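Enquirer: Listed below, chain by chain, are the residues.
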Amino acid sequence: MTDFPWLTVLIALPAVGALLVGVLPRENEALAKQAALAISVVEAVLAIVMTTAFKVGGDRFQFTEKYWWIKSFGVHWAVGVDGVALVLVLLSVILVPLVVIASWDEAGRSGGTDTPPKRSVKTYFALLLALEAMMVGVFAATDVFLFYVFFEAMLIPVYFLIGSYGGPQRSYAAVKFLLYSLLGGLLMLVAVVWLYPLSQDKLGHGTFMFDELRTMHVDGMTAKWLFLGFFVAFAIKAPMVPVHTWLPDAAAQSPAGALVLVVGVLDKVGTYGMLRFCLELFPGAAKWATPVVLALAVISIVYGAVLAIGQVDLKRLVAYTSVSHFGFIVLGIFAMTTQGQSGATLYMVNHGFSTGALFLLVGFMIARRRSARIDAFGGVQKVAPVLAGTFLVAGLSGLSLPGLSTFVSELMVLIGTFSRHRVPAVLAASGIVLAAIYILWTYQRTMGGPARDEVKGMPDLTVREKLAVAPIIAIIVAMGLFPQPVLKAINPSVQQGLARVDVRDPAPKINGNVAENGARP
Amino acid sequence: MSMSLVAASLAAAPSGGEKLPAPHIEYGQLAPMLIVFGAAVAGVLVEAFVGRRTRYYVQVPLAAVGLVAGFAWTIALAARDKPFHAAAMGAIGVDGPTLFVQGTILVLALVSLLLIAERQQGHFTAQAAALPGTEAEQEAEQLATAAGITQTEVFPLMMFAVGGMLMFPASNDLLTMFVALEIMSLPLYLLCGLARRRRLLSQEAAVKYFLLGAFSSAFFLYGTALLYGYAGSVRLSDIADQLSKDAGSETLMLAGLALLSVGLLFKIGAVPFHMWKPDVYQGAPTPITALMASCTLVAAFGALMRVYYVGFETLKWDWRPFMWGVAILTMVAGAVIAITQTDLKRLLAYSSVAHAGFLLTGMIAVTRDGLAGTLFYLVAYGFTTVGAFAVITMVRDAGGEAAHLSRWAGLGKRSPVVAGVFAFFLLAFAGIPLTSGFTGKFAVFKAAVEGHATPLVVVGVLSSAVAAFFYVRVIVVMFFSEPEADGPTVVAGPATAAAVALGVTATVVLGVLPQPMLDLAGHAATQMFVR
Chain H
17 MTDFPWLTVL IALPAVGALL VGVLPRENEA LAKQAALAIS VVEAVLAIVM TTAFKVGGDR
77 FQFTEKYWWI KSFGVHWAVG VDGVALVLVL LSVILVPLVV IASWDEAGRS GGTDTPPKRS
137 VKTYFALLLA LEAMMVGVFA ATDVFLFYVF FEAMLIPVYF LIGSYGGPQR SYAAVKFLLY
197 SLLGGLLMLV AVVWLYPLSQ DKLGHGTFMF DELRTMHVDG MTAKWLFLGF FVAFAIKAPM
257 VPVHTWLPDA AAQSPAGALV LVVGVLDKVG TYGMLRFCLE LFPGAAKWAT PVVLALAVIS
317 IVYGAVLAIG QVDLKRLVAY TSVSHFGFIV LGIFAMTTQG QSGATLYMVN HGFSTGALFL
377 LVGFMIARRR SARIDAFGGV QKVAPVLAGT FLVAGLSGLS LPGLSTFVSE LMVLIGTFSR
437 HRVPAVLAAS GIVLAAIYIL WTYQRTMGGP ARDEVKGMPD LTVREKLAVA PIIAIIVAMG
497 LFPQPVLKAI NPSVQQGLAR VDVRDPAPKI NGNVAENGAR P
Chain P
34 MSMSLVAASL AAAPSGGEKL PAPHIEYGQL APMLIVFGAA VAGVLVEAFV GRRTRYYVQV
94 PLAAVGLVAG FAWTIALAAR DKPFHAAAMG AIGVDGPTLF VQGTILVLAL VSLLLIAERQ
154 QGHFTAQAAA LPGTEAEQEA EQLATAAGIT QTEVFPLMMF AVGGMLMFPA SNDLLTMFVA
214 LEIMSLPLYL LCGLARRRRL LSQEAAVKYF LLGAFSSAFF LYGTALLYGY AGSVRLSDIA
274 DQLSKDAGSE TLMLAGLALL SVGLLFKIGA VPFHMWKPDV YQGAPTPITA LMASCTLVAA
334 FGALMRVYYV GFETLKWDWR PFMWGVAILT MVAGAVIAIT QTDLKRLLAY SSVAHAGFLL
394 TGMIAVTRDG LAGTLFYLVA YGFTTVGAFA VITMVRDAGG EAAHLSRWAG LGKRSPVVAG
454 VFAFFLLAFA GIPLTSGFTG KFAVFKAAVE GHATPLVVVG VLSSAVAAFF YVRVIVVMFF
514 SEPEADGPTV VAGPATAAAV ALGVTATVVL GVLPQPMLDL AGHAATQMFV R
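The listed protein sequences correspond, in order, to chains H and P.
For the first sequence, my numbering gives the first residue as 17, with consecutive numbering after it.
For the second sequence, my numbering gives the first residue as 34, with consecutive numbering after it.
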């Protein structure tokens, strides 16, 4: 079984599926939906089977494959996952079938409040599957060039998902999303191109393989420029203040299903890239940049949360909470402690699920009221208790209630940060208080109180909708109570990455203790 | 061809005795050009002797056979053990890069021929001499339509132009190169004025192109004269020798090189010599625009590289800063001005300006990788651009092509396949991975970084980002806007559809599996241009 090309199959299956769904007859919408669901479920099952074959404590990268792709550029089709990539792949493939279920009826209509024209249903699902292939690819790539290819190509399906199926301002939002991401991606391209002659110089042969590049010693201005090239792209993707402004617009206009993947998975590519590429390829430059990055992370946490409180649009609200949460993740990564980074990785997964659930539920609410405004709702829990209940659980996970998934990761990030950078950790902790405000106040305004007249006829979650949300809620609870299996997979990878960072420039004394003790919280 | 022989013999025997020595000509090595020119001459005879109704059926196969035979011969030449040779007394270089460029031109010309030969949409006026809007014009038009006659003079004209394009990058002395330049340009000036719709615009384009082209030719010729004064020869290798001797008047040399560069940069449409491009691309019949945007660009880049790599390589520390400036200006200006365009053909013209800038970044490296990258980029861009213009010919309303951007609103709903294909071409222009545009950009940028031109690459990616904006804007119009009630219809003739399919195939294959073509380009560049 170890020789089975797991990852290539996991990338190829949805890609081929996307083509298949794309060529189905336009009229037969049911078939397109069923095909998309079947493919994404098979994909998820395959990925879970693969996970059982993953050996914790074995090689760092497992299920590796390596073939020449473009020999003239020194580019390989090289895939493989370590613990971090594995959990993110799992996050993606689990979310996609749920998104397919959730988008079952919504796909034909574009979102928003107007009476929208009919859209091609099969294209929507084909785009979702294409996106899935690229999401798996971007996490599985162990060749920097291949990573870049997926990183950029991923934008196109999202662009069409937002632009064709979004709300009234969709084309503005789609273009803004694409241009922000493209600009970041192109700056990264310069860094990627630069890596090749650099590796020729330092290693004796040009390569884009991650495991070879990470042994390369780059320092001085070159490292700083390269670091910036990657970091800016990832910061836009993540998104961090001050390059976050595309996210609220994209979120407000995007269809709920696609939004789950954009915020839940796509943006994780940014933080994943920081952890994997910025830190391990350019450890010296990463340390050089740490103060600024930490400051930006803290600003993101507080600023995102404050803006979230002030929102009147539910999707924008959840988008701003994500900006705040991404601040936490970046904080954990750049704290450069095992605990912080493990916590950050866990946070990526948890945030994917809890925000995914929130966006799905918001999508269901919008489908019922044809409005995303908070003041369009009120007293929902009286007429739709299941909807309100699941919203509360997902929301509470977002504000890190102990027992729910995000709590563990947020705590780890804060402890991991505190052990090295006290002030940012203390400031970041205020984000938790703000989170309580934006979640609970939103719940109170939309779900609590007497049911408004317009809300009274609102139906509760249908079976299909329950089917989409229930697995996520189960995961949120399970990960809150038993994060250990996931952490066990993540920890060795994070430690290896961190070893690379500290190898050349010993960190302050306190770090040694933390790195050793922090591994098992 | 005869003119080039004269040039060759003049170069070989400057003494000017009473008896011109018979030059030694390797017909086998010049065969691709000879075949194409032969087909062109035969085409002229067909115009004279074959009946009007049957001309079309003779001209199209004749041109196609000429191009295919030329291509086959080029392949045969390239497959020989040692294809590197200076033929016709050193006037024509037959070497890896040249054969690659010539092969590219021939294939792209063949694809353009599909567009030119498309009969379902008459692209060419029945009688170019008739004044636009006059009764004579209408009469000619009606007569032609009634008799089912197509304009067929375009075929020999096109073949002459293609022959010139083959010779342009192969010319190893400046006089031959000038002759090739004229053979290439003169038919194109004429072809630009033959559009069936919007006659005035078309004629304006022709006149503008002619005047500016003549002007640039004069620059080229003046530069040649000054370089002759410097080196005592118009042969590129003699100029290079003179340079390495560090003798002669530097003023003459620098002034000559500058003037020569103006002539060449005009042909590739580099800023600030790009003014003709938008007007000409817009006014010319779209199939001719496709021919110019692909083949002429390839030929001009081949010639540009030959002049700089063969003649002035030792001088690269002097011309590089200048070319840096031109490349930066070209990329930035092309991308920025394109933002404000509302006509698709003009938009693609400015995009072509920006792409010329990207190509220059690869060419500036003066390395094998740079040459190979540029060659690959030319192939990739050529196919995509022919495909894109082919799509433009398909979207039509009562007044001919609906090239105004606003007319394309909602095309994605009306005909999703055509709009999807065009969007794909635009993404390739924008350099999105998994398209040929990305591979090409990566190849030239990599060469530039290796050649220590990283700032140039930064400018390149920034202008790519700007360029992405207007490509994306077209996609927005096509897919995210509602269709107009009286929107254009999509008319897909079989030949046009074939051209589009070829463009798509090449764009996908060169994006996903570019290795064979990269190998070919790399192989072609193993030896630089022959001296």
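Misleading hints may appear alongside valid ones.
Part of the chain P face toward chain H, derived, beta carbon under 7 Å [claimed, not checked]: (1) F243; (2) L467; (3) Q548.
Think of the hints as simulated: they come from the structure by calculation, not from any bench.
From a predicted model like this one, the values you see are computed outputs, not experimental measurements.
Ideal placement from N, C-alpha and C gives every residue a C-beta, glycine not left out.
Enquirer: Can you name, in rising order, the numbers of the hints this structure does not satisfy?
Expert: 1
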